[in-house]
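Asker: Here are the chains, one letter per residue:
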Amino acid sequence: MVLEVATPGRVDYRRALAWQDALVERRLAGGPDTLLLLEHPPVYTLGRGADPRHLGAAAGGRVPVERVGRGGQVTYHGPGQLVGYPILWLGAFRTDVHWYLRQLEEVLIATLGDVRIAAGRRAGYTGVWVEERKIASIGVGLRRWVTRHGFALNVGPDLDGFAAIAPCGIAGVRMTSVAREGGPSDWAAVVPIVARRFAERFGYDAVRPGTERLAS
Amino acid sequence: MPIDVTMPKLSDTMEEGKVLQWLKHPGDTIAIGDIIAEVETDKATMELEAYDEGVLSEVKVREGDSVPVGSVIAVLRAPGEAQAAAPAARAAAPSAGDREHARSDAPPGGAREPAKATRPDPDPGAARGEPERGVPRAEPPRGEPWRPTVVARRPEPAAPASGRRVKASPLARRIAADHGLDLGTIAGSGPEGRIVEKDVEAALARGGEAAPGEKGGGTAAEPGRQPAPEPQRPAPGPTAEGRVELSRIRRTTAKRMGEAKREVPHFYVSADVRMDEAVRLKESLVALGGDFAGATYTHLLVKAAAIALTRVPEVNAAYDGDAIVLHERANVGVATAVDEGLLVPVVHDAARLPLAAIVKRVRELVERAKAGRFQGDDLSGATFTISNLGMFPVSEFAAVVNQPQAAILAVGAIRDVPVVDDGRVVPGRMMTVTLSSDHRIIDGVLAARFLRELKTLLERPVALVV
Chain F
1 MVLEVATPGR
11 VDYRRALAWQ
21 DALVERRLAG
31 GPDTLLLLEH
41 PPVYTLGRGA
51 DPRHLGAAAG
61 GRVPVERVGR
71 GGQVTYHGPG
81 QLVGYPILWL
91 GAFRTDVHWY
101 LRQLEEVLIA
111 TLGDVRIAAG
121 RRAGYTGVWV
131 EERKIASIGV
141 GLRRWVTRHG
151 FALNVGPDLD
161 GFAAIAPCGI
171 AGVRMTSVAR
181 EGGPSDWAAV
191 VPIVARRFAE
201 RFGYDAVRPG
211 TERLAS
Chain L
1 MPIDVTMPKL
11 SDTMEEGKVL
21 QWLKHPGDTI
31 AIGDIIAEVE
41 TDKATMELEA
51 YDEGVLSEVK
61 VREGDSVPVG
71 SVIAVLRAPG
81 EAQAAAPAAR
91 AAAPSAGDRE
101 HARSDAPPGG
111 AREPAKATRP
121 DPDPGAARGE
131 PERGVPRAEP
141 PRGEPWRPTV
151 VARRPEPAAP
161 ASGRRVKASP
171 LARRIAADHG
181 LDLGTIAGSG
191 PEGRIVEKDV
201 EAALARGGEA
211 APGEKGGGTA
221 AEPGRQPAPE
231 PQRPAPGPTA
241 EGRVELSRIR
251 RTTAKRMGEA
261 KREVPHFYVS
271 ADVRMDEAVR
281 LKESLVALGG
291 DFAGATYTHL
301 LVKAAAIALT
311 RVPEVNAAYD
321 GDAIVLHERA
331 NVGVATAVDE
341 GLLVPVVHDA
351 ARLPLAAIVK
361 RVRELVERAK
371 AGRFQGDDLS
381 GATFTISNLG
391 MFPVSEFAAV
401 VNQPQAAILA
411 VGAIRDVPVV
421 DDGRVVPGRM
431 MTVTLSSDHR
441 IIDGVLAARF
451 LRELKTLLER
461 PVALVV
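The listed protein sequences derive, respectively, from chains F and L. Residue numbers in the first sequence follow the working numbering, run continuously in steps of one, and reach 216 at the last position. Residue numbers in the second sequence follow the working numbering, run continuously in steps of one, and reach 466 at the last position.
Isolated chain F, as found in the complex:
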């Protein structure tokens, strides 16, 4: 099986949503699995069932807030954060969403290992942690077992966007990033590592660059 990896750079959140919808439809029509790796201009997002109170001071601020069809509570995306949207059909793997969440965690843990950061899971708190600090968030949506949304790995050192909110609905959680844990501060450097670890974990035979021009 082939994985298409597309790295469109910095993409507006809504445009990326439209791309994901198109890619989900493409997958449902028989197209290949795709992994989008990109970053967003500052935005807060809320999962479908998220409690808006976790937005805190961010509600009504300048940074846009989007409510979207993924699990999980509130989070922040912004420059310096590597966001990944795998559009896969789980039917080819296991139709088990918890399994899928664990796989995403393992991909990120392996990636962090490659940049010499010892990260791991915390039972009951989906995401990737370095000790008690959270370095990556995960939230996915499924349509007919095709995945969308995905993960966000903090890379750059700037975490101010998280200050206003209760990230993932957990009050008092400390966020961290690859740069803050001693790794590279450029998210683009992490992109090929994530792509490789992702392809390995899901067992793709080949990875090819996404050549489709994604129309919004």
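Accuracy of the hints is not assured; some may be wrong.
What the hints assert, rightly or not - Here are the simulated distance ranges between beta carbons:
| id | chain 1 | residue 1 | chain 2 | residue 2 | range |
| --- | --- | --- | --- | --- | --- |
| 1 | F | Val207 | L | Ala448 | 13 to 23 Å |
| 2 | L | Ala177 | F | Arg201 | 29 to 39 Å |
| 3 | L | Val417 | F | Glu106 | 47 to 57 Å |
| 4 | F | Pro192 | L | Asp291 | 53 to 63 Å |
| 5 | L | Glu364 | F | Asp12 | 44 to 54 Å |
| 6 | F | Gly9 | L | Asp291 | 49 to 59 Å |
| 7 | F | Pro192 | L | Ala448 | 20 to 30 Å |
| 8 | L | Val445 | F | Arg10 | 29 to 39 Å |
| 9 | L | Ser395 | F | Glu132 | 51 to 61 Å |
Stated by the list, open to error - Listed next, the stretches of chain F that the computed footprint assigns to chain L, with coverage defined by at least 3 CB atoms under 8 Å from CB atoms of chain L:
| id | segment |
| --- | --- |
| 10 | 42 to 51 |
| 11 | 73 to 86 |
| 12 | 97 to 107 |
| 13 | 135 to 146 |
Said to hold, decoys possible - Selected chain F positions facing chain L (Cβ under 10 Å, derived; list incomplete):
| id | residue |
| --- | --- |
| 14 | Arg26 |
| 15 | Ala29 |
| 16 | Gly31 |
| 17 | Pro32 |
| 18 | Arg94 |
| 19 | Thr126 |
| 20 | His149 |
| 21 | Cys168 |
| 22 | Arg208 |
What the hints contain is simulated information worked out from the structure, not anything from laboratory work. Quick reminder that beta carbons are idealized off the backbone N, C-alpha and C, glycines included.
Assemble chain L onto chain F, guided by the hints.
Answerer: The following block gives chain L in isolation, referenced to the frame of chain F:
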């Protein structure tokens, strides 16, 4: 008839799920495939699809409530069927206006008590002897495994000849539709005469279309279904001399372009060609007159592309679903604009035609195209297409592959630009060509080799004249 919609089991380790949002409400008519709600477990949401049709008569769980896997969260009934809901159940059904109110009451991240009105009926589907209802079925998305044959959208379920809606499970419907089987001809063994998957499989085995099996060769070993029927391709024009109705042209073009963009994984490779020699050649030919009067760059391009196709034969190809078909002759189509749209008349066996013959043929074709009169195989049999916008100030562009061909060449204008010759900057004439290719048939290296041959031929164009 009431059909229970249950909280699906989305994971081996999932014990309960939360209803995040009802997308349909009591009284709504539900069709198969409608999304009725979004449910959540851990950090994943799933769009809950309806597997039956009917009217949503009761919603048993409020938005934000978590219930055990297998609990009934909603009930579908046939239109007009009496509702036997207890008052308590009705009170639990949220109305649209309550949604925000209910959510603001929720403690953060909260699992609340399950709605009191119902106690879950564990897996009611099992009692019916059918696969669990409400579980998002792990069926391959349409068209899986992915093959390059054309499958544009899910075909409508076969309507039985009697016109009566036949009861069948969604999986049975899909299998029947995929094989073009009329559900009206199948006896159902499920409850109330419902047709289930094994009934359809049995009908297929008895002598409907052959059941899916291994396909040899072609794509890497994946079991394949029977290829979907070929989409209707428009007839390329009358076989006897006659007048093509021009009003059809735009419709046909639109349909084919849409299909090509949806189905063909395009990729694009460009090259810059030094046209100085070609310009000199063309001007000499025109000055010669006779057979060469009216020679254009398009004629040179047709010949050059045809020869390049004989040198890189994998680009002169088509895909028939199982194998790549290499054509023996290079039949080059020339995209031509007429009042009513786009036509592609064809120069057959262009690699073996002398340039003079190509000039004559293309001139005749273009005249006939503009007059709307075609004959014989004017519009059929192309194995490759050229689209030349060089007569406009177009520096480069990318064309849409003309299915079932493997590639199309888009040609821009010849521009006077500075070029480097022997380390010195001199004026030169550059033309950018872009090859759009079907990545199922050819890959980057083949496209690049084709362009290299084309460029070589155009930059030393004497070979084109013979």
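Asker: Could you run down the list of hints and mark each one as holding or not?
Answerer: Taking the hints in turn, this is what the structure says about them:
1. The hinted window of 13 to 23 Å between valine 207(F) and alanine 448(L) holds, with their beta carbons roughly 21 Å apart.
2. A hinted range of 29 to 39 Å holds for the C-beta pair alanine 177(L) and arginine 201(F), which are about 35 Å apart.
3. Hint check: valine 417(L) to glutamate 106(F), Cβ distance near 53 Å, so the stated range 47 to 57 Å holds.
4. For the pair proline 192(F) and aspartate 291(L), the supplied restraint of 53 to 63 Å holds, since their beta-carbon distance comes to about 57 Å.
5. Distance hint check: the CB atoms of glutamate 364(L) and aspartate 12(F) are about 52 Å apart, consistent with the given range 44 to 54 Å.
6. Checked against the given bound of 49 to 59 Å, the beta carbons of glycine 9(F) and aspartate 291(L), roughly 53 Å apart, stay inside it.
7. For the pair proline 192(F) and alanine 448(L), the supplied restraint of 20 to 30 Å holds, since their beta-carbon distance comes to about 24 Å.
8. For valine 445(L) and arginine 10(F), the Cβ-Cβ distance of about 31 Å falls inside the hinted range of 29 to 39 Å, so the restraint holds.
9. Checked against the hint of 51 to 61 Å, the pair serine 395(L) and glutamate 132(F) passes, with Cβ atoms roughly 57 Å apart.
10. A stretch counts as covered by a chain when three or more of its residues have a beta carbon under 8 Å from one of that chain; for the segment 42 to 51 of chain F and chain L the count is 4, and the coverage holds.
11. With 1 residues having a beta carbon nearer than 8 Å to a beta carbon of chain L, the segment 73 to 86 of chain F misses the requirement of three or more and the stated coverage is violated.
12. A count of 5 residues in the segment 97 to 107 of chain F with a Cβ less than 8 Å from any Cβ of chain L is obtained; the coverage claim is therefore met, three being the minimum.
13. Counting residues of the segment 135 to 146 of chain F whose beta-carbon sits less than 8 Å from any beta-carbon of chain L gives 9, enough to reach three: the coverage restraint holds.
14. For arginine 26(F), the suggested interface contact is upheld, since its CB lies about 9 Å from the closest CB of chain L, less than 10 Å.
15. Against a cut-off of 10 Å between C-beta atoms, the interface hint on alanine 29(F) holds, since the closest Cβ of chain L lies about 6 Å away.
16. For glycine 31(F), the suggested interface contact is upheld, since its CB lies about 7 Å from the closest CB of chain L, less than 10 Å.
17. Evaluation of the proline 32(F) hint against chain L yields a held restraint, the C-beta minimum of about 7 Å falling below 10 Å.
18. Below 10 Å, beta-carbon pairs count as interface contacts, and arginine 94(F) has one with chain L at about 9 Å; its hint therefore holds.
19. For threonine 126(F), the interface hint holds, the least distance from its beta-carbon to any beta-carbon of chain L being 4 Å, beneath 10 Å.
20. Hint status for histidine 149(F): holds, given a least beta-carbon distance of 9 Å to chain L, under 10 Å.
21. Because the smallest distance between the Cβ of cysteine 168(F) and any Cβ of chain L comes to about 8 Å, under 10 Å, the interface hint for this residue holds.
22. Because the beta carbon of arginine 208(F) sits about 9 Å from the nearest beta carbon in chain L, less than 10 Å, this interface hint is met.
Hint compliance for this structure: hint 11 is the single one not met.
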